[in-house]
Amino acid sequence: MKSAVLVFPGINRERDMARTLRLVSGVQPAMVWHAETELPAGTDLVVVPGGFSYGDYLRCGAIAARAPIMDAVRAFAEKGGLVLGVCNGFQILCESGLLPGVLMRNARLKFVCRDVHLRVERSDTPFTRGYNAGQVIRVPVAHGEGNWIADAETIRRVEDGGQVIFRYCAPDGELGETSNINGTTNGIAGIVNARGNVAGMMPHPENHVESIIGCTDGRGLFAGLAAQFGKAA
Amino acid sequence: MKARVTVTLKSGILDPQGKAIEGALKSLGVSGVASVRQGKVFDIEIEDGNKAKAEAALKAAAEKLLANTVIENYRIELL
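These protein sequence lines map, in sequence, to chains V and R.
Heads up, the first sequence is in our numbering, so the first residue is 1 and it goes up one at a time.
Heads up, the second sequence is in our numbering, so the first residue is 1001 and it goes up one at a time.
In case anyone wonders, no lab produced these hints; they're calculated from the structure.
Small disclaimer: the values here were computed from a predicted structure and weren't measured.
Any given hint could turn out to be false.
[Said to hold, decoys possible] Just a few of them, taken from the derived set where beta-carbon distance is under 8 Å, the chain R residues facing chain V:
| id | residue |
| --- | --- |
| 1 | Q1017 |
| 2 | A1020 |
| 3 | I1021 |
Glycine is no exception: its CB is placed at the ideal position from the N, C-alpha and C atoms.
Generate the whole structure from the sequences, applying the supplied hints.
This is the structure in structure tokens:
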């Protein structure tokens, strides 16, 4: 799997992401600077990592979403290429129009930095094929603006179209207000676009891939992606 | 030419920052405040003196970057 990790000024999770991609897929990803206008030839997966691009000025992800490289990412996604955005990357994909909705300030106004549980809603996407539907995984979050919202029509389309891939839940998989850490609509932690080739999520699966950390629940996401391309090759 | 673009949250969109400010005003003893919504103001200097062109540029700026029209409204004023 040839992956490309986008690098914007103010991003700080790109090396965690690159390390995970290399560990799980065996291939070192290309680091692609925001001012580039093309992705490396033969890219299978584009990853927009987390951090604080442009210091969250204006709105989270708003300025990064208009960077020159994003036109190349849009063209790549239009051809069916896989794009994954994590944390600030999710915010950037929403701001760029590649994913619906927007991420607002956490309802309780606090920056939340801890492990959370996610219920995997579907296992039939390239991003979740490494899991079973209904499986609960534990991964960290670290964000102040992860409260996903959209207009009623868009929410209906996203829910009815099965575009929700992860929801915040209790350790036993139960959904509810106590496990909804940021007030997000219907506990939504991650979504895909209607075509299923662009995914965004607030939590950081890339930080739970090695047993030395104490949890490897994030590994399935990357192993699934690697398997997707292993099979195609 | 000077212009001002004001960006505000659409009604119905939860504004936790506005709520926090509202709470702080109440705890300061500022009476008569029913509610607070927070927004943004952009003061923009336009190069050209042409009003129609300036309005078109400001609309493009607001639509493309200054406001996220999923959650925000904007208002353009030429000053």
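Let me know if the C-beta of A1020 (chain R) comes in closer than 8 Å to any C-beta of chain V, holds or violated. 6 Å, holds
With 8 Å as the cut and Cβ atoms as the points, is I1021 (chain R) at the interface with chain V? 11 Å, violated
Can we keep the Q1017 (chain R) interface hint, with Cβ of chain V closer than 8 Å? 6 Å, holds
The structure fails hint 3 only (numbered hints given earlier).
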